[in-house]
Amino acid sequence: MFKYLATASAIAMATTAFAQEHDHDHDHHDEDVTLYRVFVGDHAGGSVTALDLADPDHRWQFDTTGQVKLFGVAGGATVAAVQSDDNAVHFFSSGISFEDHGDHADIAVSDPAAIDTVLTGPRPFHVVDHGGSVIINYDQGGYAELIDAHHLSHGEVELTTFTQSQAHHGFVALLGGNLLSTVASDVVDAPRLGLQAFNADGTPAGELATCTAIHGEAFSGAYLAAGCREGVLTATASADGVTYNMLPYEADLPAGNTTGTLLGSTGIQVFLGNYGANGLVVVDPVDAPHFRYIELPFRRVDFALDPVHPANGYVLTEDGTLHQVNLLEAALTGSVKVTEPYSMDGHWNDARPRLAMAGDEVIITDPNAGLLRRIDTDTLRETGTIAVEGAPYNIAVVGGSGIDH
Amino acid sequence: MTSTQAAPLQVVATFSIIGDMAGEVGGDLVDLKTLVAPDADAHVYEPRPADAMAIARADVVLTNGLEFEGFLSRLIAASGTDASIIALTDGLPTMEEPGGGHYHYVNGEAIFHAGAHDPHVWQSVENAKGYVANISAAFCAADADNCTQYQANAADYSARLDTLDAQIRASIDALPADRRTVVVAHNAFRYFEAAYGVTFLSPQGVSTEGEAAAADVAGLIREIRAANAGAIFGENISDTRLLERIGEETGLTLSGTLYSDALSGADGPAPTYIAMMRHNTSAITAALTAE
Ligand SMILES: [Zn+2]
Ligand SMILES: [Zn+2]
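As they're listed, the protein sequences go chains H and R.
For the first sequence, the working numbering assigns the number 4 to the initial residue and increments by one for each residue that follows.
For the second sequence, the working numbering assigns the number 100 to the initial residue and increments by one for each residue that follows.
One or more hints might be untrue.
[Unchecked claim] Now the stretches of chain R that chain H is said to cover, found in silico as 3 or more residues with beta-carbon under 8 Å:
no.: 1; region: 148-160
no.: 2; region: 172-183
[As the list claims (entries may be wrong)] Ranges between beta-carbon positions, derived for each pair:
no.: 3; chain 1: H; residue 1: V339; chain 2: R; residue 2: A293; range: 51 to 61 Å
no.: 4; chain 1: H; residue 1: A291; chain 2: R; residue 2: G364; range: 16 to 26 Å
no.: 5; chain 1: H; residue 1: E210; chain 2: R; residue 2: G318; range: 34 to 44 Å
no.: 6; chain 1: H; residue 1: A208; chain 2: R; residue 2: G364; range: 29 to 39 Å
no.: 7; chain 1: H; residue 1: A372; chain 2: R; residue 2: Q303; range: 52 to 62 Å
no.: 8; chain 1: R; residue 1: A385; chain 2: H; residue 2: E34; range: 52 to 62 Å
no.: 9; chain 1: H; residue 1: T206; chain 2: R; residue 2: A293; range: 47 to 57 Å
Simulated from the structure, these hints should not be mistaken for laboratory data.
Glycine included, each C-beta is placed from N, C-alpha and C at the ideal position.
Given only the sequences and the hints, what does the whole structure look like? Please build it.
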């Protein structure tokens, strides 16, 4: 089988055949087009609003079974709406697709649309989009569903199922030729054991790599990283399968904390993770020090990485301040008050802001104000707000720039 | 102010071959960091935070260009650098890449390296002299005070490259005309082929696995037999599984290792560009004159 996933998958995922429905210049000049489309889920549940960032009144409304967590997948051609409490996953064609030509990408734009196939299963949660597969873990089902990303970008949901030995809150990811799955204990309420490589039929393809209470996965460069009690476990594809490396939390980190959510940079090989309620940690999988801690003035509400300026990330704290994080300096390099305070006391799923990046903007949902807030990453100023009915909560942004021939 | 009191010019070279050339031209006047280490494949290199910090500090960043360093634009964006980014192939004669790219073999998989032009321009010593001239010009532009010294270093190094070029020509010219074809892991020697008259055959996008690959390998094997290839070489930056298989089917055993896109470590046979070209030439001529 041909396998050159590293380069080919990104191109394949972005290649779609949507008709170009927008108006062409009559001269047929090539036009540089930048379009970001924002998908927002309501906190109360059951509805998703899509809108064009450049023309926020240009919007569409979709029904879902319940409250969603939204993920741009398949190169942004598709948005997955995972409804953990309602045992369903809906998909939307984003209406924005790219065809890569090396030195430029062609952009094709159409209306977003709901994809007919709706997945149902017990408590879908983590979604991993890597290596040509979009993989959804069903936490109470003991299995994951693998969806071919290229077909999904065309609106087709082509499924294969991977069965785990125990149902658990975990993830499955494709790495090289293997499926990596979290592994749970068969002892009730025992912490998850770690990560293991499997063949597609569920038979082990390697030893269990211990990573107690493993949670949260991200890819950056050649690495997958996941947080656990001992430290951050990294995995890379190698000639003989998978190579693991445990990066133990170092003594200069505040004691008693762990990483459970990681974001991977697409620009440089580095991760940003949570570390305690009011800390972040920059994780370098290769060079020491592997961990650099960033203390936040208040508890963290949400954080995101900036794909346009890969050294930067953004974190919102419960006092309503957005901070710019520089990953190279492992420091906060700017702060701006953006919302009223949102306390982290209470339920984890209470209505609180979420962040998403759109080119040179951070888009922040402000559920209590019924708004999206647009913050310019160069000036850290609010450049505008967009009213969204109900309580705008989870958010995904797809799109970018390309040439319209 | 003398040059010893001034801060040295901060130079980043993207990979080991141009790092070596930059060291020859810059000497003690530059503080040099090379990103992709010896024996490592720049094509699959993933830039690290330390690399972005080095680029952020740099005065001059020396790159090959021609899309050789796929990581470069991401790294420059991450660093936010104001450094001058120099493509050392600028102004040099380049060949188009047939099929829009070439394949690398990593962990048993074929990975396509897209690009309109063949980036392995350094594989002809005449071209390497062009790199040296570009490095010298870049250093002079960034550090005019020491320009004379950079130019003197470049002239000295270029003279040694002339000697190297003559040695390669003499070695290859001594080969029988029907013993001039070898098989290599990846299509990185087209400039060497054009300059010195050795033909290189390489697998074009065949993977080591599966049935589809069998037909592709068969095509290469037919080519190898038709050209009566005399030797097959592994490569320091890729695994040898595919070549071993091709060797088995053609009755050729691996004749050693060629250094295409990266130098060896200090203890290896190709720790400098000149040593690398000498090593490759003697490995090829030894294999082709055997029996
Ligand atoms: Zn085009
Ligand atoms: Zn190459």
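Hints, verified against the model:
1. 148-160: holds (count 6)
2. 172-183: holds (count 6)
3. H:V339 - R:A293: 51 to 61 Å: Hint holds: Cβ distance 58 Å, inside 51 to 61 Å.
4. H:A291 - R:G364: 16 to 26 Å: 21 Å, holds
5. H:E210 - R:G318: 34 to 44 Å: At 39 Å between Cβs, range holds.
6. H:A208 - R:G364: 29 to 39 Å: Since the Cβ atoms of H:A208 and R:G364 sit about 32 Å apart, the hinted range of 29 to 39 Å holds.
7. H:A372 - R:Q303: 52 to 62 Å: For H:A372 and R:Q303 the Cβ distance comes to about 58 Å; the hint holds.
8. R:A385 - H:E34: 52 to 62 Å: 58 Å, holds
9. H:T206 - R:A293: 47 to 57 Å: 51 Å, holds
Checked against the numbered hints given earlier, this structure breaks none of them.
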